[in-house]
Each structure stands twice: as structure tokens, then as C-alpha cells.
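Going down the list, the sequences are from chains A and B. Residue numbers for the first sequence follow the numbering used here, beginning at 1 and rising by one. Residue numbers for the second sequence follow the numbering used here, beginning at 1 and rising by one.
Hints are computed from structural coordinates only; laboratory data are not their basis. Careful, some of the hints might be misleading.
[To be verified] List of simulated lysine-lysine pairs, DSS-like, C-alpha gap at most 25 Å:
| no. | chain 1 | residue 1 | chain 2 | residue 2 |
| --- | --- | --- | --- | --- |
| 1 | A | 256 | A | 301 |
| 2 | B | 89 | A | 29 |
| 3 | A | 29 | B | 11 |
| 4 | A | 256 | A | 373 |
| 5 | B | 101 | A | 342 |
| 6 | B | 54 | A | 342 |
| 7 | A | 384 | A | 256 |
| 8 | B | 121 | A | 29 |
| 9 | B | 101 | A | 343 |
| 10 | A | 29 | B | 21 |
| 11 | B | 21 | B | 45 |
| 12 | A | 343 | B | 92 |
| 13 | B | 121 | B | 75 |
| 14 | A | 256 | A | 280 |
| 15 | B | 54 | B | 11 |
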Amino acid sequence: MSSVESTPAGATTVRKTALNAVHRQMGAKMVDFNGWEMPVEYPASIGGGIINEHMAVRTGVGMFDVSHMGDIRLVGPEALAAVQHISMNDASRLAVGQAQYSALLYPQATFVDDVIVHRLGEEEYLLVINAGTREKDFSWVRGNTRQFDCDVEDLSDAFTQIAIQGPKGVDVLQKLTDADLSAVKFYWLTRGTVCGLRNILIARTGYTAEDGFEIYIPADEATSARVWYEILAAGKEFELVPCGLGARNTLRLEGKLPLYGHEISDTISVWEAGLDRFCKMEKSEFVGRDALVKAKAESVKRTLVGLEMVERGIARDGYKVLDSSRREIGYVTSGSPAPFLKKNIALAYVPPELSEVGTALKVEIRGQGVGAKVVPTPFYKRPKKV
Amino acid sequence: MPYPTDRKYTKSHEWIQANGKSATVGITDHAQEALGDIVFVELPKVGTELAVGKPFGTVESVKAVSDLFTPASGKVTEINGELATSPEKVNKDAHSAWMIKIALSDPKQLDGLLSAADYEKFVAEEGGH
Chain A
1 MSSVESTPAG ATTVRKTALN AVHRQMGAKM VDFNGWEMPV EYPASIGGGI INEHMAVRTG
61 VGMFDVSHMG DIRLVGPEAL AAVQHISMND ASRLAVGQAQ YSALLYPQAT FVDDVIVHRL
121 GEEEYLLVIN AGTREKDFSW VRGNTRQFDC DVEDLSDAFT QIAIQGPKGV DVLQKLTDAD
181 LSAVKFYWLT RGTVCGLRNI LIARTGYTAE DGFEIYIPAD EATSARVWYE ILAAGKEFEL
241 VPCGLGARNT LRLEGKLPLY GHEISDTISV WEAGLDRFCK MEKSEFVGRD ALVKAKAESV
301 KRTLVGLEMV ERGIARDGYK VLDSSRREIG YVTSGSPAPF LKKNIALAYV PPELSEVGTA
361 LKVEIRGQGV GAKVVPTPFY KRPKKV
Chain B
1 MPYPTDRKYT KSHEWIQANG KSATVGITDH AQEALGDIVF VELPKVGTEL AVGKPFGTVE
61 SVKAVSDLFT PASGKVTEIN GELATSPEKV NKDAHSAWMI KIALSDPKQL DGLLSAADYE
121 KFVAEEGGH
């Protein structure tokens with residue numbers, strides 16, 4: 001169960017997932033992430049460290065506690081209409097058991113949050129949302145769906161969410177469930193018995209640009225810990241590594257998966273972020289659509305590009321991007337060494353005229369303009385299965 | 001890991017090993033542990049005059065950027081060029097993966113730094129690993 005611990009007056013509260021004690025027992029380095037105390041990496045003695053954890057997911061399998069993510073359930077005769085009204089992708093295309101990437105928009109077409117919409121039943125949808133925006137998202141969803149005949153429930157504290165990611169994730173999870181995972185395609189979901197727990201939601205989703213699964217189990221500490229250790233034991237023969245938020249960030253960055261507050265936010269529009277393919281303008285109505293139509297006609301002033309450092313240096317979040325004459329033209333939204341690609345990469349907002357692949361730019365690092373170039377994205381694409 | 005007693009330590013987690021007027025500088029095992037996988041070390045040019053307490057370089061892990069602080073004033077006489085291509089050596093053995101050598105302008109400055117035992121105590125009190 002996610003708990004809120006009260007701290008002395010004036011101090012902010014720190015939230016913990018039901019697996020907090022497990023992470024500590026395993027020696028994880030804990031950090032504050034949007035008010036949540038989460039593991040950033042595990043010790044090298046158990047195969048951890050951001051680079052090892054990242055490589056495990058790319059080449060084998062890793063597991064993550066992602067219980068800080070929030071969950072909103074919409075259920076009722078008008079659940080689909082409600083989801084269609086508040087999200088930019090077309091949920092009417094979802095079969096029962098299917099999921100899609102989408103986003104909640106403000107009327108001005110900037111982001112409330114990005115979400116994964118799961119269709120759990122004929123009239124039942126689950127939105128998985130970001131940790132840092134839980135309360136904001138829930139009140140926004142509730143406030144914008146009152147006119148529909150459906151119930152909106154915040155299930156965020158009901159689940160411990162564990163992600164099992166990497167090409168061998170399927171082998172690990174198959175040992176622990178009676179569900180036939182080979183029948184579950186990417187971005188589909190099923191239900192099955194997992195570690196003896198019946199009717200567990202199993203989704204073939206993730207935030208690593210790799211194959212993998214996310215399971216939603218009851219959030220009590222004992223069950224959460226038992227399942228965590230059972231996955232760890234089942235993964236032993238596949239050299240499964242527990243992974244923290246450090247690897248989660250570098251994995252998602254290689255795959256150009258947006259992070260709220262970085263590539264998308266309440267001041268960035270869908271067109272700027274380049275998420276056009278998840279935005280279905282053929283839908284007659286959804287919050288933000290009118291502003292999107294208007295913005296499309298005006299053309300964007302900045303666009304998200306991938307950068308690769310060509311000179312020695314690491315671009316970091318917030319660093320300035322300069323043109324070849326050192327004029328400030330944009331900023332880095334996320335930057336890091338890419339452990340699998342072994343390059344220093346970044347995502348950045350720059351003017352469209354400087355967004356062509358191959359354009360030479362600079363990133364300002366400690367007062368110096370360090371050479372970079374625009375490269376195709378995503379930086380990493382997982383190999384297709386034969 | 002025990003902290004070698006043949007050198008002094010700073011509260012900003014550098015070590016300095018003096019031999020007469022010359023000294024070798026690196027970061028501590030605690031520092032490398034706190035940083036995680038080190039991927040980048042930026043060091044000053046040979047001949048640079050360093051002032052005690054001022055930054056002399058940068059060390060970056062996958063996740064973090066951290067300044068390196070000068071434990072005692074002096075002129076840089078040598079840098080460990082190996083760290084440009086193999087920064088992970090600092091993770092493997094921080095107490096032998098030195099960063100710079102300096103000609104000390106005032107060796108007495110080392111008297112004010114922490115002994116191995118004091119540093120270990122300092123790290124423990126700081127809530128370190």
C-alpha cells in the first residue's frame with residue numbers, strides 16, 4: 001500500500017510504495033522523485049548500477065517497481081464517450097483487452113499528462129498516469145467527465161505495479177502465470193493467475209522501448225514483497241536485474257518516449273512534441289481539439305529533435321542549445337549518456353528551420369559551446385522478432 | 001572499503017596524498033559510490049594555478065554532474081589522461097585512480113584536512129553508505 005508519512009510541520013511529505021522496505025533491504029540508492037522515495041539504482045554487488053540495469057533490459061530482463069504511477073478507472077455505459085472526450089487518441093478503436101498511448105489536453109492544447117488507455121471491458125477503461133501528476137489528473141478527469149454516465153475512480157493506491165522488461169521478460173513471467181503470454185501482443189492485455197494471485201491484470205506495455213509486461217497486483221506490503229521476490233527468483237536463470245529510475249530514464253530516452261515535465265508539459269503543444277500520430281483529429285470532439293486546429297494553421301515555432309554530441313561532453317536537462325554562431329536557439333529537455341548506444345544523446349526543442357537531420361548545433365556545457373548534431377529518432381528501436 | 005591512512009581527505013570527498021611539495025589528488029570511494037557509474041571526467045590543463053576550495057574539474061556519472069574541489073593550492077603538473085577514455089576506473093578503485101598532480105604552494109594547508117579516521121566518521125554522520 002502506498003503510504004503518506006507525515007513529517008515535521010513545514011516539511012513536505014514523502015510517499016513510499018509498498019515495496020519501499022524491499023528496495024532498502026536490497027541496498028538500493030533511494031531518491032526523491034516527484035515526492036516519491038524511489039530506488040534510483042541497485043548496488044553493483046547484485047548486478048545493479050544504471051549501466052548494468054540498462055543493459056540487462058536491452059539484452060535480457062530487468063524488473064522495476066512502478067507503483068508510483070497512478071491509475072484511474074472509468075466504468076459505465078458512457079465510459080467510452082468520456083474517454084473520447086478527455087483524450088486525444090481514438091479509444092473507439094480499442095478492442096477489449098487492448099491498450100493505446102494517448103494524452104489528456106487542456107483546452108489550449110498543452111498537456112495535462114500523457115497516459116496509457118487500457119480497455120478492460122465493454123464499458124470499462126483504465127488510464128495509467130504519471131506519479132507527479134496524480135492528483136491533478138484525477139481532479140481534471142473527474143471535472144471533465146461529469147456530463148457522462150460513468151463512474152470515475154482513483155485506483156492509484158490499490159495496485160503495486162511491477163514492470164518486467166526486456167526480451168527475456170516473457171520467459172520470466174510465463175514461469176509465474178497460467179496466462180498464455182505468447183497470445184498477448186504488444187499493447188494488449190490479459191488477466192491470469194500470477195504467483196497464485198487470481199485475476200491479475202497483465203499488460204504487454206512498458207516505458208523502456210523494449211518488449212515487456214506490467215502487472216498490477218494488490219498493494220499490501222506482504223503480497224507485494226512476496227511477488228517481487230518470486231519474480232526475482234524466477235528471473236535468476238535469465239540473469240534478471242532489479243532496475244531503478246535511473247535506468248528507466250535512460251531506457252525511455254533512447255526510445256524517445258516523452259517524460260512529463262520534460263518533453264511534454266502544460267506549456268508544450270502536441271504538434272511541438274511531435275506526437276501527431278497519437279492525436280486523432282478525425283475524432284469530431286475532444287478537449288484541446290479546437291486549439292490544435294488553430295495551432296496547426298499557424299505552424300509551430302519549436303519542435304522536438306534528437307541530438308547526438310559530436311564533441312566531448314554530456315548534454316543535460318535544461319542546458320541551452322546554440323546555433324553554429326553561438327546564438328541561443330533552444331534547450332535540452334532530457335540529456336544523458338546512452339548506455340546501450342554508447343553515445344551522449346539529448347532531446348531538445350529547437351526552431352523548425354534548425355531541425356533537419358544533420359544540422360550542426362552546439363550545447364552550452366559549463367559556459368562552452370560543445371558540438372552536437374541533429375540525428376533521426378528514436379535513437380534506439382528494438383529489433384523486430386523473426 | 002577502508003580509507004588509506006597515507007593521505008588526507010576533504011569534506012567535499014576528495015583525497016590528497018602529499019610527497020614533500022608535490023601531491024596527488026583524487027575522489028574518495030564514498031564519492032564514487034554516491035555518484036554511481038562514472039562516464040566523464042574533465043580535468044584542468046597542466047600549468048593551471050588552482051586555489052584551495054575552488055573547483056578544478058568535473059566528474060559526471062550517468063545521472064549526475066559534480067564539481068571537483070581543490071584540496072590545497074598549487075600548480076597542476078600532471079593529469080591522469082587515462083580517465084578521458086576509461087573514467088570507470090574511478091568506480092573500480094577510487095583511491096588509486098588519481099586525477100591530478102600538483103606542486104603545492106603551501107603544504108601546511110593539508111594540516112587542516114581530515115584524517116582517514118575523521119573522514120570515515122564524517123561520512124557515517126552524513127548518512128553515507
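Does the structure keep residue 101/B and residue 342/A at a Cα separation of 25 Å or less?
It is violated: about 30 Å lies between the C-alpha atoms, which goes past 25 Å.
Is the straight-line distance between the alpha-carbon of residue 256/A and that of residue 280/A 25 Å or less?
Satisfied, since the Cα-Cα distance of roughly 20 Å is no more than 25 Å.
Below or equal to 25 Å on CA atoms is what counts here, so check residue 29/A against residue 21/B.
39 Å, violated
Could you grab the alpha-carbon distance between residue 256/A and residue 373/A and see if it respects the 25 Å cut-off?
16 Å, holds
CA of residue 256/A to CA of residue 301/A, is that 25 Å or under?
Since the Cα atoms of residue 256/A and residue 301/A sit roughly 20 Å apart, the hinted pair holds (cutoff 25 Å).
Need the status of pair residue 29/A, residue 11/B: alpha-carbon distance at most 25 Å?
Measuring from Cα to Cα gives roughly 21 Å; hence the hint holds.
Would the hint linking residue 121/B and residue 75/B be met if the CA-CA limit is 25 Å?
Given that 25 Å is the threshold and the Cα spacing comes to 31 Å, the pair is violated.
Does residue 343/A pair with residue 92/B here, judged by a C-alpha cut-off of 25 Å?
21 Å, holds
For the pair supplied as a hint, residue 54/B and residue 342/A, is the alpha-carbon distance within the 25 Å limit?
32 Å, violated
Take the C-alpha atoms of residue 21/B and residue 45/B, compute the straight-line distance between them, and say whether it is at most 25 Å.
Distance of about 19 Å is within 25 Å: holds.
Given the hint that residue 54/B pairs with residue 11/B, test it: the Cα-Cα distance must not exceed 25 Å.
Distance ~13 Å between residue 54/B and residue 11/B Cα, so the pair holds.
25 Å Cα cutoff - pair residue 384/A, residue 256/A
With a Cα-Cα distance of about 17 Å, the restraint between residue 384/A and residue 256/A holds, given a limit of 25 Å.
Checked against the numbered hints given earlier, the structure breaks hints 5, 6, 9, 10 and 13 and satisfies all the rest.
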